[in-house]
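Chains A and B, in that order, are what the protein sequence lines are.
Numbering follows our numbering, with no gaps: position 9 of the first sequence is 9.
Numbering follows our numbering, with no gaps: position 149 of the second sequence is 149.
Keep in mind that the hints were calculated from the coordinates and are not lab data.
Cβ coordinates follow ideal geometry from the N, Cα and C atoms, glycine included.
Check before you lean on any hint, since a few could be wrong.
[Said to hold, decoys possible] Derived contacts from chain A toward chain B, CB cut-off under 10 Å, selection only:
| no. | residue |
| --- | --- |
| 1 | PHE16 |
| 2 | GLN46 |
| 3 | TRP53 |
| 4 | GLN58 |
| 5 | TRP68 |
| 6 | LEU141 |
| 7 | PHE160 |
| 8 | LEU170 |
[Stated by the list, open to error] Within a straight-line C-alpha distance of at most 20 Å, the following computed DMTMM-like cross-link-like pairs (lysine to aspartate or glutamate) qualify:
| no. | chain 1 | residue 1 | chain 2 | residue 2 |
| --- | --- | --- | --- | --- |
| 9 | A | LYS165 | A | GLU143 |
| 10 | A | LYS51 | A | ASP14 |
| 11 | A | LYS51 | B | ASP6 |
| 12 | A | LYS165 | B | ASP44 |
| 13 | A | LYS165 | B | GLU5 |
| 14 | A | LYS165 | B | GLU75 |
| 15 | A | LYS165 | B | GLU4 |
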Amino acid sequence: MFAFLNSRPAWSLDEFQRVLARRGERWYAACVRITGDPGLAEDAVQEALLKAWTQRDQFRGESEIDTWIHRIALNAAIDQMRRQRPGSSEELGEDLVAAGESPGTLRGRIELGRDLGRALERLTPLERMCFVLKHVEDWHLDEIAAELNNSINGIKQALFRAVRKLRGDLQQWRGES
Amino acid sequence: MITEEDLLLYHYGEGLSAERRAEIAAALAADAGLRAHWLQLLADLSALAHTPRVAMPATVQARLAARLSAAAAAELKPAAKVARSRAWVWPIGLTACASLVLAIGVSIGLGFRDDTPSAASTAQAAPAADGGARFERGLRLHLADTELQLVGLADAEPAVRAALIARIVQENRMFARAAERAGETHLARVLRSFESVLIGMGEQATDAEDVELRRQQLDFELGAMQTKLASDPSKSSLNI
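Okay, chain B solo, but in the shape it has when bound (with noise of 0.2 Å):
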């Protein structure tokens, strides 16, 4: 007797004796009836395997390219001296510009993630703690990253670090489409109001006055935006 089982088998080529795959083959040519149920279940499997197109969300995407920026960056880190004495205000206004974007990035990025539970259910309080515990581990990880890859670039030449701003401001603006692209227009607006804050960073990494200037500034709203986002971590993307 040739079972369904003995059919899925054979059809994948493999899991059967070579004596029983001669059997189900001989039995297949003699039996128009085992034949008429082979065809449909090669039928049913086709359809079966073709499961529906998933769509990787572009904030996926940004953060997955963030996380491969933020890797190629620490690996300067055992090459680099942290040289303070030249220009030690370089190396902390990155920081402080380049944590404020992606802390901003991550709470987009969470804020539109598939799983997030909207702030009106109240019957997903678990989902929505679990969202905001997610979005605290992210933007730790985020931020610890950021400031690896900046201070290894203490001694890096214009050049490296120019490379950095442009990688940065590329991943800012996919963190702004996305977040044109779910209706979050104010903050895509706030997003685009720091790349011109980092091209000057990195137009002015010589003078040192300036960058101070700029790291105030930036300082300032990394500090209101991270005391807001300690005091309710699950509506960070609505509050900034």
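Next comes chain A alone, as it looks inside the complex (with noise of 0.2 Å):
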């Protein structure tokens, strides 16, 4: 249909749009997970797709297109949190709801309307994005201490706490005091 894209046969524009189509939300939600901010993730699901464009010779099949996809996605909305909150990783440690504004009004938050969307939004922005990519995403710890510009032992450090305020949470939801 667009003859106009002949010089890269592999892929089609209607082809990538099809992979959007089925695809892209998976990339959307890991970002809202990992930033918090549905602009923020929309940006950097943008900025992977526009990547993986340039570069869709490369991709031999779909599921191939969307693993790569999806991974740069997640480094870019590591990197819009990076840019939203300037300054080294440890930094994206400190506790927002001590810098003076409520859970609620934070950065334009989405309501993400569980308990556990809510409890993800209390960490700390270094201790969710650890908790997302080792407890959703599977990330190696060392992949986790390179993209996030830490140490292994920060990283786990930050899991630790992440978890430990989560599975308060859970106890809570429990009616465990």
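Take each chain as given, in its own frame, and dock them per the hints.
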């Protein structure tokens, strides 16, 4: 259909649009979990999507594109967080609530609608990113450390804090004070 | 002594030395209390890993699709020469037409964004200003992209032009559906009304006089819309 794309016959625009339609929500959801902000998540997915388009001749199948964009989008989401709070990844560990903002208004948060979503929002950015990358995205500790420009020990400590806080919330929801 | 942190790393299968892993494994086998603690940790982690589903709004999907289309069309630019001697009104008319559609689409998208504050919320003046700035930024970007891709089509084959029109129409429909779902029936109607104009421009591409007439019609509406956007960007989705 799109004859003007015939210089790269492997992937047409229509095919790419179909991949976006089928897989886009998963990329977006992962980025929302990382950033806690739908606007930043959209920017991250867009960045990954357009990068993938420019490199589309490298992909052999839809699952390869999916995996690649998912990963790049997560990286972009982490970069977005850095740009929002310039500085080292240690600074991402600061407690944002302690900075004087209420959890409900912080950075235009979305209402995730469930207790766990709210609990994730209460984590510091570093804790949330570590938790999501490890427990939802299944990254290795060294991958997280490299991506967040932190030490493996720093990542472990952030994970310990995140799990401790979240388990505390879990106990509250279960009525186990 | 085996801590909760040790158990967590044991669960990860990394971050512990082989010796420490062996110690923990032996302790779990020997100590029923520790094993119970371990199982509770696994149950909690399993519950915590089930993060809530995050749905992607239709407007986000539409914006991403539009940006992808723009990127694809922009690749034409280096190869294309702007040959205004032949059917010079064609790219201009298309630019006006597609800019109008995309501009409205952007305004709708921003109007429906989850983090866009309501006009009634005086307490959220700063977010409102941010939403307006984001709108202008997004609009400029889309207009620039659209102009780029349409100028690049000046020398393109009719089939290529038709493909672009089809893509714009498709995106326009997505925005119209999104507007309808959000209860913005007037906007949805306006968007749908442009579909026939778009299709008509595609069909009449070789008739310069007809294209020019359509261009003038759209140019007028585009100008009116831009005036409204300039006067109050934050309410653009309500006033078009």
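Going through the hints against the structure:
A least Cβ separation of about 6 Å between A:PHE16 and chain B falls short of the 10 Å threshold, and the interface hint therefore holds. Satisfaction of the interface hint for A:GLN46 is found here, the shortest Cβ-Cβ separation to chain B being roughly 6 Å, below the 10 Å cut-off. Checking A:TRP53 against chain B: minimum C-beta separation of about 5 Å stays under 10 Å; hint holds. The interface hint given for A:GLN58 is violated, since its Cβ lies 16 Å from the closest Cβ of chain B, which is over the 10 Å cut-off.
At about 15 Å, the closest approach between the beta carbon of A:TRP68 and any beta carbon in chain B exceeds 10 Å, and the interface hint on this residue is violated. Satisfaction of the interface hint for A:LEU141 is found here, the shortest Cβ-Cβ separation to chain B being roughly 5 Å, below the 10 Å cut-off. Proximity of A:PHE160 to chain B holds as hinted, the smallest CB-CB distance being about 5 Å (cut-off 10 Å). Because the smallest distance between the Cβ of A:LEU170 and any Cβ of chain B comes to about 6 Å, under 10 Å, the interface hint for this residue holds.
The hinted pair formed by A:LYS165 and A:GLU143 fails the criterion: a straight-line CA distance of about 23 Å is larger than 20 Å. Annotation: proposed proximity of A:LYS51 to A:ASP14 holds, straight-line Cα distance about 17 Å (limit 20 Å). Restraint check for A:LYS51 and B:ASP6: not satisfied, since their Cα atoms lie roughly 40 Å apart, outside the 20 Å limit. Our distance criterion of 20 Å between C-alpha atoms is met by A:LYS165 and B:ASP44, whose separation comes to about 12 Å.
Among the hinted pairs, A:LYS165 with B:GLU5 is consistent with the structure: their alpha-carbon atoms are about 13 Å apart, no more than 20 Å. Annotation: proposed proximity of A:LYS165 to B:GLU75 is violated, straight-line Cα distance about 49 Å (limit 20 Å). For the hint pairing A:LYS165 with B:GLU4, the CA-to-CA distance comes to about 13 Å; that is within 20 Å, so the pair holds.
The structure fails hints 4, 5, 9, 11 and 14 (numbered hints given earlier, in ascending order).
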